[in-house]
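Number of protein chains: 2
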Amino acid sequence: MAEPIVPQDDSTGAFIPGPPVHRAPLGQGRLSGLRFAAKDLIDVAGTVTSCGNPDWAQTHPKAAATAPVITTLLQAGAALAGKTKTVELAFGLTGENVWHGTPLNPAAPDRFPGGSSCGSAAAVAAGLVDFALGTDTGGSVRIPASYCGLFGIRPSHGAVSLAGIVPLAPSLDTCGWFTRGAALLSGVGEVLLPGGGGGELSGPLLRVEEAWINAQPEVAEALHRALEKLEQMRGRAVGVRLAPEGIDSFYDHFRTVQAEEVWVSHGGWIGSANPRFGPGVGERFAAARATDPAIAAPGRAFRRMLQARIRPLLAGGGVMIFPTSPCPAPLLTASAVEQDIVRQASIGVTTIAGFCGLPEVTLPAGRVGGAPIGLSLVAGRGHDRALLALACDAAAVLGLPV
Amino acid sequence: MAEPIVPQDDSTGAFIPGPPVHRAPLGQGRLSGLRFAAKDLIDVAGTVTSCGNPDWAQTHPKAAATAPVITTLLQAGAALAGKTKTVELAFGLTGENVWHGTPLNPAAPDRFPGGSSCGSAAAVAAGLVDFALGTDTGGSVRIPASYCGLFGIRPSHGAVSLAGIVPLAPSLDTCGWFTRGAALLSGVGEVLLPGGGGGELSGPLLRVEEAWINAQPEVAEALHRALEKLEQMRGRAVGVRLAPEGIDSFYDHFRTVQAEEVWVSHGGWIGSANPRFGPGVGERFAAARATDPAIAAPGRAFRRMLQARIRPLLAGGGVMIFPTSPCPAPLLTASAVEQDIVRQASIGVTTIAGFCGLPEVTLPAGRVGGAPIGLSLVAGRGHDRALLALACDAAAVLGLPV
Numbered sequence: 265m266a267e268p269i270v271p272q273d274d275s276t277g278a279f280i281p282g283p284p285v286h287r288a289p290l291g292q293g294r295l296s297g298l299r300f301a302a303k304d305l306i307d308v309a310g311t312v313t314s315c316g317n318p319d320w321a322q323t324h325p326k327a328a329a330t331a332p333v334i335t336t337l338l339q340a341g342a343a344l345a346g347k348t349k350t351v352e353l354a355f356g357l358t359g360e361n362v363w364h365g366t367p368l369n370p371a372a373p374d375r376f377p378g379g380s381s382c383g384s385a386a387a388v389a390a391g392l393v394d395f396a397l398g399t400d401t402g403g404s405v406r407i408p409a410s411y412c413g414l415f416g417i418r419p420s421h422g423a424v425s426l427a428g429i430v431p432l433a434p435s436l437d438t439c440g441w442f443t444r445g446a447a448l449l450s451g452v453g454e455v456l457l458p459g460g461g462g463g464e465l466s467g468p469l470l471r472v473e474e475a476w477i478n479a480q481p482e483v484a485e486a487l488h489r490a491l492e493k494l495e496q497m498r499g500r501a502v503g504v505r506l507a508p509e510g511i512d513s514f515y516d517h518f519r520t521v522q523a524e525e526v527w528v529s530h531g532g533w534i535g536s537a538n539p540r541f542g543p544g545v546g547e548r549f550a551a552a553r554a555t556d557p558a559i560a561a562p563g564r565a566f567r568r569m570l571q572a573r574i575r576p577l578l579a580g581g582g583v584m585i586f587p588t589s590p591c592p593a594p595l596l597t598a599s600a601v602e603q604d605i606v607r608q609a610s611i612g613v614t615t616i617a618g619f620c621g622l623p624e625v626t627l628p629a630g631r632v633g634g635a636p637i638g639l640s641l642v643a644g645r646g647h648d649r650a651l652l653a654l655a656c657d658a659a660a661v662l663g664l665p666v
Numbered sequence: 265m266a267e268p269i270v271p272q273d274d275s276t277g278a279f280i281p282g283p284p285v286h287r288a289p290l291g292q293g294r295l296s297g298l299r300f301a302a303k304d305l306i307d308v309a310g311t312v313t314s315c316g317n318p319d320w321a322q323t324h325p326k327a328a329a330t331a332p333v334i335t336t337l338l339q340a341g342a343a344l345a346g347k348t349k350t351v352e353l354a355f356g357l358t359g360e361n362v363w364h365g366t367p368l369n370p371a372a373p374d375r376f377p378g379g380s381s382c383g384s385a386a387a388v389a390a391g392l393v394d395f396a397l398g399t400d401t402g403g404s405v406r407i408p409a410s411y412c413g414l415f416g417i418r419p420s421h422g423a424v425s426l427a428g429i430v431p432l433a434p435s436l437d438t439c440g441w442f443t444r445g446a447a448l449l450s451g452v453g454e455v456l457l458p459g460g461g462g463g464e465l466s467g468p469l470l471r472v473e474e475a476w477i478n479a480q481p482e483v484a485e486a487l488h489r490a491l492e493k494l495e496q497m498r499g500r501a502v503g504v505r506l507a508p509e510g511i512d513s514f515y516d517h518f519r520t521v522q523a524e525e526v527w528v529s530h531g532g533w534i535g536s537a538n539p540r541f542g543p544g545v546g547e548r549f550a551a552a553r554a555t556d557p558a559i560a561a562p563g564r565a566f567r568r569m570l571q572a573r574i575r576p577l578l579a580g581g582g583v584m585i586f587p588t589s590p591c592p593a594p595l596l597t598a599s600a601v602e603q604d605i606v607r608q609a610s611i612g613v614t615t616i617a618g619f620c621g622l623p624e625v626t627l628p629a630g631r632v633g634g635a636p637i638g639l640s641l642v643a644g645r646g647h648d649r650a651l652l653a654l655a656c657d658a659a660a661v662l663g664l665p666v
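Just so you know, the protein sequences line up as chains A and B, in that order. If you're matching positions, the first sequence starts at 265 in this note's numbering and goes up one per residue. If you're matching positions, the second sequence starts at 265 in this note's numbering and goes up one per residue.
There may be inaccurate statements among the hints.
[Said to hold, decoys possible] Restraint ranges, calculated between C-beta atoms of paired labels, are given here:
no., chain 1, residue 1, chain 2, residue 2, range
1, A, 572, B, 489, 46 to 52 Å
2, A, 565, B, 546, 18 to 24 Å
3, A, 536, B, 275, 36 to 42 Å
4, A, 660, B, 573, 27 to 33 Å
5, A, 579, B, 512, 34 to 40 Å
If you are wondering where the hints come from, they were derived from the structure by calculation, not from laboratory data. Every residue gets a Cβ at the ideal spot worked out from N, C-alpha and C, and that includes glycine.
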């Protein structure tokens, strides 16, 4: 099969610098005729995976093999159109990358695209590809999807192979994807997700109160209108509270658990290579280095408690619903302090699915001040396919792209 | 807290060469007073993780941080007594290591201990420690537990953090543990496993016909006596068949999926470091290198089909039951061909839980020709704690160490 012509019009700056990384389909199937991009945290044989950091690229060899998630997509008929920018080592939520340039947010050009899978979100939002792979440890698919007005999924932890994907915090890492419409979000899932998880989310919608309270009032208001339409389809939502500690504590616990694993993953390389990092990234690695295991222990205990609380809520096919992010994307002019406030409030929410390994789909269900904002649906672990089917129904009800 | 005295009487050769890697408890809790060992695939800060291969050890720095799974055990009161031998890069099932010496199987000294977590199994079986951590990709906890007469668990995929553990095939890798009694197997689970998965395996015992047919007749006979006792507790077992293709095809599909991920994980290092490997290991890596993604695709498709078939069987709290391994440990004098036949027949069975991410507990329920043989219980994903509770009940009924 001849290499397809895959023009890479990159006015948004979604793709990494250098020669485009193209790969032709390896077969025909569900995704024939479609083009996708992959975050430059995912291996393609014969190329160096940069992880968005020049010193990482210089100290690592070319990948010997292609990550199975990419091979599977190629075998299903899709063509790889390029590798996309990422926050360095996937450790950040705004989408900033000082080495490669921060991608434009096509849906709100004066705002950050969100990260760490910033380039994948930008490439899809700009229509450069049909879908794109990202990774999500603490929100790195869900947040840029919300910021760029896209559909996005963080699958159940472990549902999609992470072989050939550079780890950040393995107990939290997942590989997800972005699309402009609900049907393709589900179509990619048919190719990548485990079998047997379809067809039975018959429980109630569960309105997670902490996440709604945590959202900016105008975000909650905009998404509440979407919730009301979904209630007409699924019945009245039931209010639930997950933890009396409040959502600020979610962030605190997530941060310590993530920091412990981040330093386990990258402390050795940072110690030996002494790499340069852009603003924010270096500070977060320094904080990870300084995290005492004694501090992480309460985080792990809280995680187990949250799992125990949520599991029975979802056991009967219930679906949690809440704003994906508490606010739209920060303005590009936002200060570091303002960015950090948004980061903390956002991770409080993304911790719900993250700590529990649950699948979360975000739908571009609202706009606030001219910027997109996402609405999330979260189901029990392993119910990814059923959740994607529900997202298709919800998109139809909400008048979103199907 | 003072470093405890942890004598390392290692007549079985379970521990890696060199100064013992001891770590004192970091707190008091459920595991206070207990000592454990950890497979030398798991990071301990300040030491080099050898993965059982001298060239790996020489080309990798000291770990910057301790794997969270070890830190969690230390915080629960246990003391680390040492690092144990592993098959090189965890890629093998007999437990042989030509560089460090193959550990003795204390339960059957003329036979292999099983691997790849050979040292951990030997250390527990010899009574050198109370429990030990291993990893299980294709059977590396379950098989040595069966061979050495131990309780062992391969948890649900993703249930125990793999941060700081060298990967083999990430979509299959898990971290499990060995004990001599059922209660401690469960006790370690209380510390390491997610919350909320307890208390409801109320479905039938499911006798997986392929695995019983695949077992040597004397193994099936010995374990059938145990099954009959469990039927008195749980009701008559229901026979199920998982795939008309037969268990030989399970091995074929597992092999290709594993090989693809193995080469993604280690192809880069092997290409740049050109390491020496012991017999068998080098051949398996060469085969992994030669695996065409086009060959792995049917394996991934079979995996999805098996997941779809098994999921409804276990949805109502059913528990699959079958011989952990088709035969007792091979004799140390077994030829390479004989070892490979055992390997293929064993992986056919271990693929059931492995491909589906399911928790599997093996109980030392039988003996054949003077050697131990394990009986496995497999539950739905995430039901690890309930499965451990069931294993305790089963051990009591079978008269095994509780």
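For each hint, the structure was consulted:
1. 572/A with 489/B: 46 to 52 Å: The hint (46 to 52 Å, Cβ to Cβ) is violated, given that residue 572/A and residue 489/B are roughly 38 Å apart.
2. 565/A with 546/B: 18 to 24 Å: 44 Å, violated
3. 536/A with 275/B: 36 to 42 Å: Given a distance of about 37 Å, which is inside 36 to 42 Å, the answer is holds.
4. 660/A with 573/B: 27 to 33 Å: 31 Å, holds
5. 579/A with 512/B: 34 to 40 Å: 37 Å, holds
In summary, the numbered hints that this structure violates are 1, 2.
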